[in-house]
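Colleague: One letter stands for each residue in the lines below.
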Amino acid sequence: MKKGCGRIFCRLLFFAAVLFLLFSHANAAPEEDYSFDLKAFESKPFEFGGYAEIKWEHMDLNKEGAFYTLNFNDDPRSTLDRFTGTLQLGGRYKKGIWAFNGLLNAAGRHDNNGWSDSVDIFEANLSLKPTPFAIIDLGKKTFKWGKGYAWNPVGFIDRPKDPNDPEEAMEGYIVTGLDLIKSFNGSLQTVALTTVVLPVWEGVNEDFGEKDHVNFAGKLYMLYRDTDIDLVVFTGNSRSTRFGADFSTNLTTNFEIHGEFAYITDYQQNYLSEIRASTPRKGSIKKYLAGLRYLTENDITTIIELYHNGAGFSESELANFYQLVDDADTNLQNTGSDTLFHTAESISDMGYAAPQLGRNYLYLKINQKDPFDILYFTPGLIAILNLDDQSFSITPEILYTGFTNWELRMRMTFLNGGNHTEFAEKQNENKLECRIRYHF
Amino acid sequence: MIQRIISSIPRKLFLNIFVYGILILFLAGPSAALDGNEILLQVDRNLQPESYEMYRKLINIEPDGSKKEYVLYTVKKGQDKMVALFLSPASEKGRATLRLGDNMWLYIPNVGKPLRITSLQSVVGGVFNNSDILRLDYSAEYNTAILEETAEAYVLDCKAKTSSVAYDRLKMNVDKKTMTPVTIECHAASGMLIKTLYYKEIKEFSDGLSRPSVLETDSPLYKGYKSVMIYAKINKKEFADEVFTLNYLPRVDELR
Chain A
1 MKKGCGRIFC RLLFFAAVLF LLFSHANAAP EEDYSFDLKA FESKPFEFGG
51 YAEIKWEHMD LNKEGAFYTL NFNDDPRSTL DRFTGTLQLG GRYKKGIWAF
101 NGLLNAAGRH DNNGWSDSVD IFEANLSLKP TPFAIIDLGK KTFKWGKGYA
151 WNPVGFIDRP KDPNDPEEAM EGYIVTGLDL IKSFNGSLQT VALTTVVLPV
201 WEGVNEDFGE KDHVNFAGKL YMLYRDTDID LVVFTGNSRS TRFGADFSTN
251 LTTNFEIHGE FAYITDYQQN YLSEIRASTP RKGSIKKYLA GLRYLTENDI
301 TTIIELYHNG AGFSESELAN FYQLVDDADT NLQNTGSDTL FHTAESISDM
351 GYAAPQLGRN YLYLKINQKD PFDILYFTPG LIAILNLDDQ SFSITPEILY
401 TGFTNWELRM RMTFLNGGNH TEFAEKQNEN KLECRIRYHF
Chain B
441 MIQRIISSIP RKLFLNIFVY GILILFLAGP SAALDGNEIL LQVDRNLQPE
491 SYEMYRKLIN IEPDGSKKEY VLYTVKKGQD KMVALFLSPA SEKGRATLRL
541 GDNMWLYIPN VGKPLRITSL QSVVGGVFNN SDILRLDYSA EYNTAILEET
591 AEAYVLDCKA KTSSVAYDRL KMNVDKKTMT PVTIECHAAS GMLIKTLYYK
641 EIKEFSDGLS RPSVLETDSP LYKGYKSVMI YAKINKKEFA DEVFTLNYLP
691 RVDELR
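Residue numbers (the numbering used here), protein chains in the order written: chain A, 1 to 440; chain B, 441 to 696.
Do not rely on the hints blindly, as some may be mistaken.
[Stated by the list, open to error] Each pair of labels, with its calculated beta carbon distance range:
(1) B:G664 x A:K63: 18 to 24 Å
(2) A:F46 x B:K673: 20 to 26 Å
(3) B:T636 x A:V191: 54 to 60 Å
(4) A:I366 x B:S528: 40 to 46 Å
(5) A:G218 x B:K673: 55 to 61 Å
(6) A:G209 x B:P503: 55 to 61 Å
(7) A:A40 x B:L695: 51 to 57 Å
(8) B:L633 x A:E47: 40 to 46 Å
(9) A:I366 x B:A629: 23 to 29 Å
(10) A:W56 x B:A629: 36 to 42 Å
[Unchecked claim] Computed list of lysine-lysine pairs in DSSO-like fashion (alpha-carbon distance at most 30 Å, straight line):
(11) A:K39 x B:K673
(12) B:K643 x A:K369
(13) B:K517 x B:K640
[Claimed, not checked] Rough simulated footprint, nothing fancy, chain A against chain B, three-plus residues with beta-carbon under 8 Å:
(14) 612-624
(15) 672-680
Calculated directly from the structure, the hints in this document are not laboratory data.
Every residue, glycine too, gets a C-beta built ideally from N, C-alpha and C.
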């Protein structure tokens, strides 16, 4: 534990005290007779809901880290506080076989560097369901393919998710989709084919890949002998052709295993070569993941995933980049020349600043529901380990959902590793996060 | 005296009384002739049709009386297909659970894809676990023998057909008059009592269904806690098999 830890401990204590007071208050509710007014729950043509959230993050900055050097060169500081307010609104209008679904996310952030905000339409699509066997979607939609919890190598038409918060909503792409579903009696219980047409034009899905192409993605799902199986394909000129498969099954009632495999052809990437220049390379790569979920008798859930990212940088490639930033900083301090510094910045932007940019990872999540007879209280821990350079992040958290529609979460992330390793070169040394979310 | 009365009855009439008496015992008194599995089948049909839609409220009650409530819309088809959609509270709205035999999945709108869950977990916390919320017919999961019979009730010993069933053994008290359960003790394979279910307040539902409208449960594993299910509407209804698939989970609300 380094500087700032005493202050963080005081804040943790304060937040815990607030939670305790709220717990005590919750216990005051009186018992009532059972009643159930069904009219309040009748189906309506238009329904909406969502959440409002406030989040405070306190970060002790990692002054030895490459990304601190790149991001705070003009404004050196030891801590960063950020307040974020988020509003997520979802709505649906249905009439006969038609339904319109929308999801909007708006966020405003204020930190020591100033104010920023964003408004994103995550989903806005028209769904047509002429029969239970066929569903047509038109508009912006999120798919989230794959069985992995933290990573999804076969999520060919999904944005990458945050392994620290994999259950958050994500922005979709504008598509035309068709679902065909058929159930059977026997070992093969279900077959479902999902086909997606994803165009990339001026102003349409521009961040997906190369413009002026129409792409196709397909997923064939089967429930065969109590095992979920997906076969996935993507082809089109916006990204290279790729194939994938995944599965998930329960070995026992409390033990689930899953896996994903993706083969990506002609994958193009720029990397930092030995001569400190951005160098292109192209070739077929593999990504795969193996995972399990285990539940003990006392309600402890453990998720473990091993992930190989063939599109990631090797340990030495990452170390080369961190050394470049060190040298650029030294050069700037000693000579005032920022040429090498700008080179490091541009190399950072071409992929070295992405989260989990290495080759091999271990993900671990453990949480326990209702320990010590406290209902709706879930303490847990998330750890992400870069298996190549042995650096890691570890995040203990507590979650309380005992007040109807309220969710209180507090977590603390520590990052550590040796010199020139992934997590030791991040911008933060640690991060405290307190989040209150209200669902409506 | 009895011998004198019998001898005074004509022989043909006596034979007729004897034969019809035996027939009446077999046909008019079905409860006496039922075995455990047949009783359990009757219990299932008296609790709900094989395929139906249903609205229920689930209440978790803490030792000090504080509560948390959930409202679920449920559809079931045949022996082993079931979906439950959360309508309330807002924090859970849109979540849907699917059960196909021993397989269970949870769909969370934000997560956007169904995750496999297990029968012993609880998506709502409290004493009810997933197998209680997505309960199939008892007769689909248990082989049954009559342990005891009184004038008012049967006591059934139900043994799980496979190891994937949430409770290895049930001790079920069945009211003879309504042929519905009154109490069910749920035991683990070790014999440990996991929870007790109490069926209460018989109410008339549609299609002539008359069954308990309240199900309470407590557990020695959650001392002082109680969970309650209140049934508001049970309608016989048929659905396509394709409704009970992962692809359909985001659209279950459109069935209402």
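Colleague: Hint by hint, note whether the structure agrees.
Modeller: Evaluated hints:
Restraint check, B:G664 to A:K63: a C-beta distance of roughly 52 Å breaks the suggested window 18 to 24 Å. A hinted range of 20 to 26 Å for the beta carbons of A:F46 and B:K673 is consistent with their spacing of about 23 Å. Taking 54 to 60 Å as the suggested C-beta distance range, the pair B:T636 and A:V191 does not conform, at roughly 42 Å. Range check, A:I366 to B:S528: Cβ separation about 30 Å, and the 40 to 46 Å hint is violated.
At roughly 40 Å, the beta carbons of A:G218 and B:K673 sit outside the given window of 55 to 61 Å. Against the hinted window of 55 to 61 Å, the Cβ-Cβ separation of A:G209 and B:P503 comes to about 57 Å, which satisfies the hint. Look at A:A40 against B:L695: about 19 Å separates their beta carbons, and that is not inside 51 to 57 Å. Between B:L633 and A:E47 the Cβ separation comes to about 42 Å, which falls inside the hinted range of 40 to 46 Å.
Distance hint check for A:I366 and B:A629: the Cβ-Cβ separation is about 26 Å, which falls inside the suggested range of 23 to 29 Å. Distance hint for A:W56 and B:A629: a CB-CB separation of about 48 Å, inconsistent with the stated range 36 to 42 Å. This hinted pair checks out: A:K39 and B:K673 have alpha carbons roughly 11 Å apart, not beyond 30 Å. Between B:K643 and A:K369 the CA atoms are separated by roughly 35 Å; this puts the pair beyond 30 Å, and the hint is violated.
Restraint check for B:K517 and B:K640: satisfied, since their Cα atoms lie roughly 25 Å apart, inside the 30 Å limit. Under a criterion of three residues with beta carbons nearer than 8 Å to beta carbons of chain A, the stated coverage of the stretch 612-624 of chain B fails, only 0 such residues being counted. Counting residues of the stretch 672-680 of chain B whose beta carbon lies closer than 8 Å to any beta carbon of chain A gives 4, which meets the minimum of three for the stated coverage.
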